[in-house]
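Engineer: Chain by chain, the residues run as shown.
2 protein chains.
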Amino acid sequence: MARSADAFHDSLLNTSQPRYMQLAKTLVAEIADGKYAVGDLLPTEQELCTQFGISRFTAREALKKLVQSGLVTRQPGVGTKVVSSKATSAYSQNMAGISDLYQYATDTTLVIEKQEIIALTEAQSALVEGTAGETWLHLQGKRFVADNPLPICVTEIWIHPAFRSIRGVLGEQHEAIHSNIEQQFGETIATVDQQIDAISLTRAHATQLQARAGSPCLKIVRKYRNRKGELIEVAVSTHAADRYSYHSVFNREWRVEA
Amino acid sequence: MARSADAFHDSLLNTSQPRYMQLAKTLVAEIADGKYAVGDLLPTEQELCTQFGISRFTAREALKKLVQSGLVTRQPGVGTKVVSSKATSAYSQNMAGISDLYQYATDTTLVIEKQEIIALTEAQSALVEGTAGETWLHLQGKRFVADNPLPICVTEIWIHPAFRSIRGVLGEQHEAIHSNIEQQFGETIATVDQQIDAISLTRAHATQLQARAGSPCLKIVRKYRNRKGELIEVAVSTHAADRYSYHSVFNREWRVEA
DNA sequence: AAGTGGTCTAGACCACAGG
DNA sequence: CTGTGGTCTAGACCACTTC
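In the order they appear, the protein sequences are chains W and B. Letter 50 of the first sequence, counting from 1, is numbered 50 in the working numbering, and no numbers are missing. Letter 50 of the second sequence, counting from 1, is numbered 50 in the working numbering, and no numbers are missing.
Derived by calculation from the structure, the hints in this document are not laboratory data. Be aware that a few hints might be false.
Each pair may be met inside one copy or between any two copies, as identical chains are not told apart.
[Stated by the list, open to error] Derived DSS-like pairs (lysine-lysine); straight-line CA-CA distance at most 25 Å:
#1 Lys-25 to Lys-64
#2 Lys-25 to Lys-65
#3 Lys-142 to Lys-25
#4 Lys-81 to Lys-114
Since the structure is predicted, the reported quantities are computational estimates derived from the model, not experimental observations.
Whenever a hint applies, use it, and build me the whole structure from the sequences.
Structural biologist: Structure, rendered in structure tokens:
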């Protein structure tokens, strides 16, 4: 314990990050290293306070991060129990956070077939929270997985006028479009909200997917926002039902409300 | 502002919930009512403190809830901006964690119409990760929302033999079945994994939902597990596409990254 | 310069689980 | 009973945005 506390205090020189985040990383590393095994109890809040010379608030903020990562569960009167030793469950289409969206983009291939700057129609302006007539960049393509020649979905993307000069988004993409925006413009995606619906395949989409018109499909709309809440990109994906399935895992939070 | 603050103080008599949660619900309601429109700034933390007579800690905890719900974004030097009013025609469920599953169960009504103990078929044993012949409790029902007489989904539930003696799960349910299991048996649900697919409505389901057979629908399979990873309950819900929409928000800071 | 949210401290009381 | 985590207060300093 003394060793990790020393390492922690050394890291306090790094002012780039808040203390609770540094403590969270320290604990994550210790769990990954096996210092605390699955089923073990982490030090209590009080112990963390004295060991690391921090207030209870800071210790709790750090422990919150572990709970949100699904590494530990907490219970009044019991303590903080380790339930998993790895922060991220690398594989499988597991949507637990933004990072999984990046992973998804590298695991699959998006082929952009059309790229044009368009003036928003009324309907489109409602979707992208803009005003009709604004000139957004509109992309259209299909997403493929591994060897399968059949696309898993057709994707339409709208990009805010400020980023419509984005380069290199025609043809095969092996990383996310929003990742491109982040790199080329220094913009950061802070939140993504998505909505999933079941709809009938339109004739046009059916042709592109080589599926039967009217068959069920998953329509996923993802809106990418910066930390100001401004809409940077909207992606609408229409998935052939038998080629795609959405999966996610939730871990118990610190609080249960009735 | 005086009215909402008064209503808030009245609700303080309700000790069933912490203050920050009550404040969060108050703000969510005010956003839904249009008191704050999309693009507006919410009161600052300082204003909330004085208006509601709470400390900054409590105000911040409440605002965190709104951020997690994707309703607002926050920025130092600027304020708390509304980015969504959560107003949709069809019932839209927001899933950010397990607690939202409890909330969903209390916001809607599940009517269980059939309850029987069955021996697993081969197909069922694969679904519930048991062996054929095991005797699980099988429930069947429909879920309703508010005044709408049309159900939003039909639900089938399988419960592990250890908990098949569960009581009070026939008729109208206003809390989650897994919540019942937790209370009656002291078992704790630690993780939930769910899978979402689009399928065609079978004739039987179409009749129950009073919808058209063959129309698209969302099929959601949720598996509830305890801390040991053992499967406690499996719920399969088939949603009429035009009555239900799945929504979730990812925030950048949800994960601890090394 | 003024005000915002982000971080942090040092206290406090509570419900709950365990011996 | 003691100790746990959950909630809450009243302060404080900071980086940042906006004027």
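Engineer: Since the copies are identical, ignore which copy is meant and state whether Lys-81 and Lys-114 lie within 25 Å (CA to CA) inside a copy, between copies, both or neither.
Structural biologist: neither (47 Å within a copy, 35 Å between copies)
Engineer: With identical chains treated as interchangeable, where does the CA-CA distance between Lys-25 and Lys-64 reach 25 Å or less: within a copy, between copies, both, or neither?
Structural biologist: both (12 Å within a copy, 22 Å between copies)
Engineer: Could you place Lys-25 and Lys-65 in one of the four classes (within, between, both, neither) given a Cα distance threshold of 25 Å?
Structural biologist: both (9 Å within a copy, 24 Å between copies)
Engineer: Regarding Lys-142 and Lys-25, is the shortest C-alpha distance of 25 Å or less found within a copy, between copies, in both, or in neither?
Structural biologist: neither (27 Å within a copy, 41 Å between copies)
Of the numbered hints stated above, those contradicted by the structure are hints 3 and 4, listed in ascending order.
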